[in-house]
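Go ahead and model the full structure; you've got the sequences and the hints to work with.
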Amino acid sequence: MAEEVKLFRNWAGPFALRVVWALQLKGVPYDTIYEDLSEKSSLLLHYNPIHKKVPVLVHNGKPLAESLVILEYIEETWKQTPLFPEDPYERSTARFWARFGDDQLMPSVFNVFIKQGKEQEEAIARAQGDLKYLEEELRGKKFFSGEKIGFLDLAFGWVANLVSVFEEIQGLTLIEHEKYPLLLAWIQNFIDAPIIKESWPPRDKLITKYRARIEFYSSKEAAKK
Amino acid sequence: MADELVLLDTCVSMFGMRVRIALAEKGIKYEYKEQDLTNKSELLLKMNSINKKIPVLIHNGKPICESLIIVQYIDEVWNDRSPFLPSDPYQRAQARFWADFFDQKAVYAVGKKLVTTKGEEQEAAKKEFLEIYKTMERELGEKPYFGGEKFGYVDIALITFYSWFYVYETLEKFSMEAECPKIVAWAKRCMQKESVAKTLPDQKKVYKRVLELYGLK
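In order, the protein sequence lines correspond to chains A and B.
According to my numbering, the stretch in the first sequence is residues 1 to 225, in order.
According to my numbering, the stretch in the second sequence is residues 1001 to 1217, in order.
Don't read these hints as lab results, they were simulated from the structure.
Note that the coordinates shown come from a computational prediction; the quantities given were computed from them, not determined experimentally.
Heads up, none of these hints are tricks.
Capping the alpha-carbon separation at 30 angstroms, the derived lysine-lysine pairs in DSSO-like fashion look like this:
(1) A:K209 with A:K197
(2) A:K40 with B:K1126
(3) B:K1198 with B:K1188
(4) A:K52 with B:K1113
(5) B:K1126 with A:K53
(6) B:K1126 with B:K1105
(7) B:K1182 with A:K62
(8) B:K1105 with A:K40
(9) B:K1134 with A:K62
(10) B:K1062 with B:K1033
(11) B:K1134 with A:K40
(12) A:K62 with B:K1105
(13) B:K1127 with A:K53
(14) A:K79 with B:K1150
(15) B:K1033 with B:K1204
(16) A:K53 with B:K1143
Here you go:
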C-alpha cells in the first residue's frame, strides 16, 4: 500500500524541524504543507482541534500532534536508522532531557533575550545554569545521542538553530566559548551534518522574524513595570 | 540478579501515585521512602539534582525522574505483563498525546485556583477545570478505559487526580457526576482495580488535609 505522509508546518518552526529532520534521517518521503499561523487552514484545525498548532503529521489520513510524540511515532513506524537509544534506561534519560529542554531551558533562554535590567541578569544566570547540564551531558560524546545524531540532538536542535539568531538580534552572547566548549562544538557538528544542513531555514529570514517577535515580547515585559 | 527498586515519593503526591499504581499493576516489589519536601534528603538531592522533585524511581542505583517517564520506563522494562501502552504505534502516540495534554493543562494548579480564589478568578478557574475534563470525557467516549478495553497509560495518568474531586465538589458546590458523568463512571471503574484502590487516598481524608493545607473554612 502506498504510504501517504504529510507534514503541516510553518517555515521557521523549531518543533516542526525536529519532525523534518527525523523523516529525512530515516529517508521517509513526505509532502509539506506550509501553514500561515495568522490564518490557519481549516484542514489544520480539523487535524489538530485540541492545540490548533503545527507541526501536525498526517500518516495515511491519521493525524498526530506534539513534536516529541511525533518523533516517538516515527521511530516506531519506520525502523530504519534508529534515533532512540535501545536501552530503556537511556531512553528514559533522553526523554527527561528532551522535556527539560522544552519545559525549562527554552523559556529560560527566551527570557534572557526579552527581559531587561536586573531581571535580565537573573535570566542569564538561570539560563547559564540550565545550559551547564547540556555541557555536562556532552562529556565524552560528539552528539547527545553518541557517535551519531539521534532523538535528543533533534530535541535540542533549536539550541543550534535559534540561540545564535537571538544572540545576534540582541547583541548578547549567552553560550560563551570559555563556559560551553562542548556545546559549541556540538552546535557546529550538528549544523554541519548534511541532512540537518539541507533543512536549515534561511538565517536572514529567521533574524527578521525573531527580531519582530523579540521586540513584541520585550515591549510587553517593559509595559509590565 | 535481583532488581533493587527504591521509590522516593510523598504519600500525598498525585504524581507519585501514578508510579505506585504502575508498580502495583505489574506486581513489582520496591522499597518506598517517604520524603520530607521541606527538608530534602541527600538521596533525593543526589538522585534528582536537576529539579529536586519527587517521584524518583531508583532502579539498581540509577534514577529515573518525571512520573510519566517513570511509568513508560516501568512498562518497557517489565514488558512481559500488563502492558500500559497499546502495541499499535498510532494508538501509542494518541496515548502519549493525551497524557501530555493533561499534564500541560496543569490540573493541579487550576484546581488549586478553583478552591483558593474568589470571584472572576475562581469562575475562570472553574470553567478551565471543567473544560479540561470535558475534553478528556470526549476522548474517552464510550470506552471503558482510555486505553480501550484495558486500563492503561492515560488511565494511570489521570486517575490519581480523582482523589481531589470531593474537595472541588464540596468547596465549590458543583457535581462532577452532573458535569462529567462518563469521567466519574470511568473513575469508579478504575477504583475497582486493586492497584488503584490501594493507592488512592480516601477522598474525605484528602478534603480534611486540603482544608488545613490552604487554611480554608
